[in-house]
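> Chains as they are written, first to last, in the numbering used here: chain A, 1 to 147; chain B, 1001 to 1319; chain C, 2001 to 2489.
Simulated from the structure, these hints should not be mistaken for laboratory data.
Computed from a prediction, not measured in an experiment: that's the story for all the values here.
Even glycine gets a Cβ: it sits at the ideal position worked out from N, Cα and C.
Please note that a few of the clues may not be correct.
Restricting the straight-line Cα-Cα distance to at most 25 Å, the calculated cross-link-like pairs of lysine-lysine (PhoX-like) are [claimed, not checked]:
#: 1; chain 1: B; residue 1: Lys1127; chain 2: C; residue 2: Lys2288
#: 2; chain 1: B; residue 1: Lys1047; chain 2: C; residue 2: Lys2003
#: 3; chain 1: A; residue 1: Lys93; chain 2: C; residue 2: Lys2003
#: 4; chain 1: B; residue 1: Lys1184; chain 2: B; residue 2: Lys1057
#: 5; chain 1: A; residue 1: Lys93; chain 2: B; residue 2: Lys1319
#: 6; chain 1: C; residue 1: Lys2135; chain 2: B; residue 2: Lys1127
#: 7; chain 1: C; residue 1: Lys2288; chain 2: A; residue 2: Lys90
#: 8; chain 1: C; residue 1: Lys2284; chain 2: B; residue 2: Lys1127
#: 9; chain 1: C; residue 1: Lys2002; chain 2: C; residue 2: Lys2435
#: 10; chain 1: C; residue 1: Lys2003; chain 2: B; residue 2: Lys1053
#: 11; chain 1: B; residue 1: Lys1319; chain 2: A; residue 2: Lys7
#: 12; chain 1: A; residue 1: Lys93; chain 2: C; residue 2: Lys2404
#: 13; chain 1: B; residue 1: Lys1047; chain 2: C; residue 2: Lys2135
#: 14; chain 1: A; residue 1: Lys90; chain 2: B; residue 2: Lys1213
Derived CB-CB ranges, DEER-like [what the hints assert, rightly or not]:
#: 15; chain 1: B; residue 1: Glu1033; chain 2: C; residue 2: Asp2295; range: 54 to 64 Å
#: 16; chain 1: B; residue 1: Val1267; chain 2: A; residue 2: Thr26; range: 16 to 26 Å
#: 17; chain 1: C; residue 1: Lys2288; chain 2: B; residue 2: Ala1049; range: 30 to 40 Å
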Amino acid sequence: MDNFEPKIVAFCCNWCAYAGADLAGTSRRRYAPNIRIIRVMCTGRVSPLFVLKALSIGADGVLVLGCHPGDCHYMEGNYKTMRRIPLLKKMLKQLGIEEERVRLEWVSASEGSKFAEVANNFTQAIRDLGPSSLRPSKRNSEEAKHG
Amino acid sequence: MAKLKIALYWAASCGGCDIATLAIGEKILKLAEAADIVFWPIAMDFKYADLEKMPDKSIDACLFNGAIRTSENEHVAKLLRAKSKIMIAYGSCAYEGCIPGLSNFYNRQMTFDRAYIETPSTDNPQKVFPQTKVQVPEGELEIPEFYDTVKTLAQTVDVDYFVPGCPPEEKTTWLALEALIEGKLPPKGTVISHSIKAVCDECPRKREEKKIKKFYRPYEIIPDPEKCLLDLGLLCYGIATRGGCGALCPQANMPCTGCYGPVDGVVDQGAHFLSALSSIIDSNDPEEIQRIIDDIPDPAGTFYRYSLPDSLLRRARIK
Amino acid sequence: MKKIMIDPITRLEGHGKIAIFLNDDGSVANVYFQVPELRGFEKFSEGRPAEDMPQITQRICGVCPEAHHVASTKALDALFHVEPTSTAKKLRELLYSSFYVTDHTTHFYILAAPDFVMGPDAPPAERNILGVIAKVGLELGGAVIRTRHENHWVIQTIGGRPIHPCFGLPGGVSKAINEEERAKIEEIAKSSVEFGKLSLKVFDDVVLKNKEYLDMILSDTFTHRTYSMGLVDENNKVNFYDGKVRVVDPEGKEFIKYAPRDYLEHLAEHVEPWTYLKFPYLKKVGWKGFVDGKDSGVYRATPLSRLNAADGMATPLAQEEYEKMYSTLGGKPAHYTLATHWARLVELLYAAERMLELVRDPEITSTDIRNIPTATPDEGVGIVEAPRGTLTHHYITDERGIIKKCNLIVGTTNNYAAFYMSVKKAAEDLIKPGKEITEGLLNRIEMAWRPYDLCLACATHSLPGQLPLEVTIYDADGNEFTKLSQGIS
């Protein structure tokens, strides 16, 4: 596990978490470069499919970051996320993927520090967990080719 | 016009798809008029040696059912693909893996251990273990290799059409056969069914707003005969399953289990159902949400009942 | 040594192949009946909710899914300690009887009849159901197709779907039938009774009146004297849905009779390395190898065995045919393997008559079809007669009813040792030095296993594993009595 650097995908909602990530940047808050941010308009847009796809193509961890409950720009979007992610994690556990590889957090536009903290904290947790068993180099190359 | 040559074959299958072909009843005689069946182990005595002698592309269409579980399944799939102009994945096993696909929660070793170490009726003092090659006094015997992972037909060879269902209902089967006989097949890659929409479209039950405070196991309640089963809290998969079957199970008061596969355009049927089901949970309180989720005892097995090999992850990871 | 392969065997359900080794002089040195398939149901059922098992296990076999569905549902009744309602039991048995009509029809006409109607040596292109229909005519052919189609409609009406029904629940069934459906089922039952009588007549005309076939049936080549197993009701009459398992010895004397939960006291499974399927045998006699006779634990569970193990049929027309059959065969028990085809048709008639009895029962349209379970689930065994033999489903769950362990002994599996022996003997008797081995000759060897109505997808639900080994023995109340193990630390 030397030199294992996790690949983390973070789905960030446009109005809160993405803005928070921006703020972390402009405030010169350092956070792990392992995070690849994908901006969505709302975490409600994050289909379980996206999380599975990220994991299947080699992400070691997936973050879903959105507005605090009650603050969703589209009113209800993050409530849906609140229900989807726990059920997805339960299912992932059955599929042999550690539940800890997927995390849901609320980060508002003004929480630049929190964004950095979550990013670093999660990256370390995944570093400790080790590479995902879905990483292409760990599977036979045939399975890695599926579309 | 020359008769079509067709072949029907079963890989890791239950035989239900062959019975489903017979379920077309008297239409079998129309099929017999239009086509010569050159290979069909359930009903005809052509052997592998006969198949191997056939020239490539001499079979007009092959209806292949069953998942790819062993080296023999893989070998015959490739053989039939070479000999056939058109390859049809007939039934859920060939299309998405179906029930044999549930084996992808485990691996070969675990499956082996169960049958010999654990099953209470097994008597094996000599500690015998089936082998792919065995030397007996008279010579050598072979049995196929049992793979760790079940695959779909399309993950093994190029497939032209898919006929969904476990097994496909009579009208779905005839839709495909009629298209074949009349030479009116749809574009390559089509999933042949009367519907591209969900089962709900065909279901006569009355749907209202879905707000679930509790999910029920089917033996816990007697459902109202008119109302949508999902509204009542049963895990009805109809919302994320392709129609064309006539919504038979909900009309028998049992929730749909998803055997016709995903609706058009959906890549992972289980994720699709998970997403929709979560949306209708009626709570914004994390603890209550967790309690409601606990009512679902086997998410992966329920959501990927028929489609685990065809899902994005394809199988569970074993430590 | 030369090896001839029959690969794959055909006109059955499932995958199999036969290896025949010949000495240099052309005589048979040995024969191996290999089963090259398996899927692993006993393992992947673990973690599944028990109430899903009828629908999961029925995908062991699409020719006899109703057998697994009903055995599984009965296991659930036991598991949840809930008694089904009277109407639910009758609906289950009604569906089951209708299913027997379709399945036995499928076997006799589509899988078996081509050998007798077209002849064992007919070219493969003709030796199939299409050839049979062309030869016997559209009237009989149409009757076969219609009987199957109509009874699949019955299965759909009671069970939800024509193949892979969905109606089984612990404590009952999911759907009732109304008077309109009942009346139509009654008409179909009546036609099925006529069809049963017709099929026995066809058998008489095509097989029994043909000296070559009658000689084949009564020949030593196709005979083995084994124990016979079948489910019987409280009057020791054949019943497919419920009762106790009765085994008689080769002379016809009752050897054991047990309730479903005691099956582990009586059955064990032997293993060979050249096949994925195991060989069950009677524990109280022991495994003596691939031999028949009273001292060998090899037993058969086929239609003929069921008729041997019972004292008669519970319906009048079938009882007449039962008596006629045994009178022709020279008494009970009968060990002529090819006569299994005959016994199957007697059962077809019984199933149709039973269907008619049940559909006329005043309770059959009642809507009292479910008892909701209240007890905590733990362990249950359900047994039915699958068309191919006694079928046992055994589940152990946690307190939420999630499967922890599953053990299945399936119809065809019971007969593996016997049908292997039947094929071996046929090969040894029919292949002679200097005699040409034609396709027809190889087909006659296959005719030795066809009476068993093989369902090898059923048989190989599970996967043979390896040592070490642990055997658990349960007492009559289903409690663990003792555990023996080897090689486990």
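> Just pull the numbers of the violated hints for me, sorted ascending.
3, 6, 7, 16
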